[in-house]
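Top line first, the protein sequences correspond to chains A and B. Numbering-wise, our numbering puts 86 at position 86 of the first sequence, and it's gapless, one number per residue. Numbering-wise, our numbering puts 117 at position 117 of the second sequence, and it's gapless, one number per residue.
None of these hints come from the bench; they were simulated from the model. Where is the CB? At the ideal position from N, CA and C, for every residue including glycine. Some clues are possibly wrong.
Unchecked claim - Subject to a maximum C-alpha distance of 30 Å in a straight line, what follows is the list of computed DSS-like cross-link-like pairs (lysine-lysine):
#	chain 1	residue 1	chain 2	residue 2
1	B	115	A	164
2	A	165	B	115
3	A	214	B	130
4	A	92	B	115
5	B	130	A	92
6	B	18	A	286
7	B	63	A	61
8	A	165	B	54
9	A	167	B	18
Stated by the list, open to error - Reference listing, derived: stretches of chain A covered by chain B, where coverage requires no fewer than 3 residues with Cβ under 8 Å from a Cβ of chain B:
#	region
10	169-177
11	187-200
To be verified - Just a sample of chain A residues kept apart from chain B, beta carbon distances all over 10 Å, derived:
#	residue
12	63
13	68
14	121
15	130
16	142
17	153
18	184
19	254
20	273
21	274
22	277
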Amino acid sequence: MFSLPYVTQQFINAIILGSIYALVAIGLSMVYGILRLINFAHGDILMIGAYTGLFLLTIYKAPFAVVLIVPMVVGGLIGVIVERVAYRPLRKAPEVALLITSLAVSMFIENLAIMVLSPRPRRFLIPSFLSRSHFYGAINFRNIDVLIVLLTIILVIVLTMFVKKTKVGIAMRATAESINTSYLMGINVNNIIMLTFAIGSLLAGVAGMMFASKYGRIEPFMGFLPGLKAFVASVIGGIGSLPGAVVGGYILGFAEIFFVGFLPPQLSGYRDGFVFLLLIIVLLIKPSGIFGQAEKREV
Amino acid sequence: MLRLENVEVYYGVIRALKGITLEVKKGEIVSLIGANGAGKTTTLRTISGLLFPKRGNIYYNGKNITNIPPYERVGMGIAHSPEGREIFTGLTVYENLILGAYLRNNRSEIDSDMKWIFSLFPRLYERLNKPAGTLSGGEQQMLAIGRALMAKPKLLMLDEPSLGLAPILVEELFEVIESINKKGTTILLVEQNANMALSISKRAYVLETGTIKIEGDAKELQENEEVKRAYLGA
């Protein structure tokens, strides 16, 4: 069958891909938790993060630490602006209006990127010390891969601590349960929503950098598919749940890599189709996902 | 302390409050009684800022707060323990209480208030790190009141605190409400249990379909034939 090194290699690939999905899924899931909005524009923040990184690398020759941090900040900022301009005016509107608006925002950002940045794909070259490979027999991975996984783990731990332990983190969870009751606690709900967008978009920004570093190629529509897949990941984990988004991200990473790695090569082209088949299956068997609770709606 | 003047509140096109004028003075316990749908809960939600009146004004300590957002009203000392408890079921008892003190920063004062709440409701201390959703109905009610007290309110609004509680607990609860009031907190109480409410109140308002039907001294209302017949089941 398959050799141990081969299986190990697939494992490593799955963890890398899963890390990126997890980071994107967290933002999507947190926003859904509070606003019941599936933010279709979330994937486009990933694209913005990647382009920001590209310009820092090529034009400003910035050190890689800067190239990691600035796209986070830019991503977070764009997320906050989108919330303020597009979603906040719809706070009292039906949820479906919000959903359609997020589609419009996504198209707006993508087309703006085509106009401003040109639709032409660009090469994304990372500094040589990051693209250096390590070989252990038939197994290999690059420094950037290690960085992706470590950074994801650190960000998830920091975020979990924040949400669990700090007063503002508790307020975020409270707001996800009930906006009205949160008001009665003296919580400025708009600020909490803004913060949620900032955090989620910040993670999407850095995920964009990771995605670009891994694949070496970026273009204005690059965020669309990862955004959709992050949605699948958060549904698998239970949309609205932070650990759910992380677990869902890794499950999706594993499913996708294993599908390509262990099934006949002719099927590889159906990789994305398989992901959405997985979504359909989860929705049929356990629509609330692994960590999700059955919906208690406020009216 | 609190004054509503001709407050009208709409749910869409339905006029839920048809011009309410009422007053709560510092240090009082004031009750709102009335049948379901009379507008008691709507009144409290309007005072805390979850609903905004279409007409009329709300004054708090002389300041017009009609258009101030709810979270700022909490900072001014208005706390609301809402109908149906509305505790955060996914959060622990401790987290619920901490959120009650969301706008306060003095750590030692918060701790001492939390100790005071545990002395009022020892059950909460026993369940401190349990998810609030696992509490019994009575415990959840204690948590909702405790959480509102954590805001260190000057005006505490309680919406149906006795709902669903065993009679013995109701007695205890009303004793606690009286003791909170004696410590200097003004209380606006909405109750189905009109008898109990009137017995601890100084004054009361009887609501009927969005208007104030009768108002006056609580003791007098307890003797009022109309109130007796309609609300006290005598």
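Each hint, compared with the structure:
no.: 1; hint: B:115 x A:164; in the structure: holds, 23 Å
no.: 2; hint: A:165 x B:115; in the structure: holds, 20 Å
no.: 3; hint: A:214 x B:130; in the structure: violated, 43 Å
no.: 4; hint: A:92 x B:115; in the structure: violated, 39 Å
no.: 5; hint: B:130 x A:92; in the structure: violated, 34 Å
no.: 6; hint: B:18 x A:286; in the structure: violated, 47 Å
no.: 7; hint: B:63 x A:61; in the structure: violated, 57 Å
no.: 8; hint: A:165 x B:54; in the structure: violated, 40 Å
no.: 9; hint: A:167 x B:18; in the structure: violated, 40 Å
no.: 10; hint: 169-177; in the structure: holds (count 5)
no.: 11; hint: 187-200; in the structure: holds (count 3)
no.: 12; hint: 63; in the structure: holds, 39 Å
no.: 13; hint: 68; in the structure: holds, 33 Å
no.: 14; hint: 121; in the structure: holds, 44 Å
no.: 15; hint: 130; in the structure: holds, 40 Å
no.: 16; hint: 142; in the structure: holds, 40 Å
no.: 17; hint: 153; in the structure: holds, 25 Å
no.: 18; hint: 184; in the structure: violated, 5 Å
no.: 19; hint: 254; in the structure: holds, 28 Å
no.: 20; hint: 273; in the structure: holds, 35 Å
no.: 21; hint: 274; in the structure: holds, 33 Å
no.: 22; hint: 277; in the structure: holds, 31 Å
Violated hints, listed in ascending order, are 3, 4, 5, 6, 7, 8, 9, 18; each of the other numbered hints is respected by the structure.
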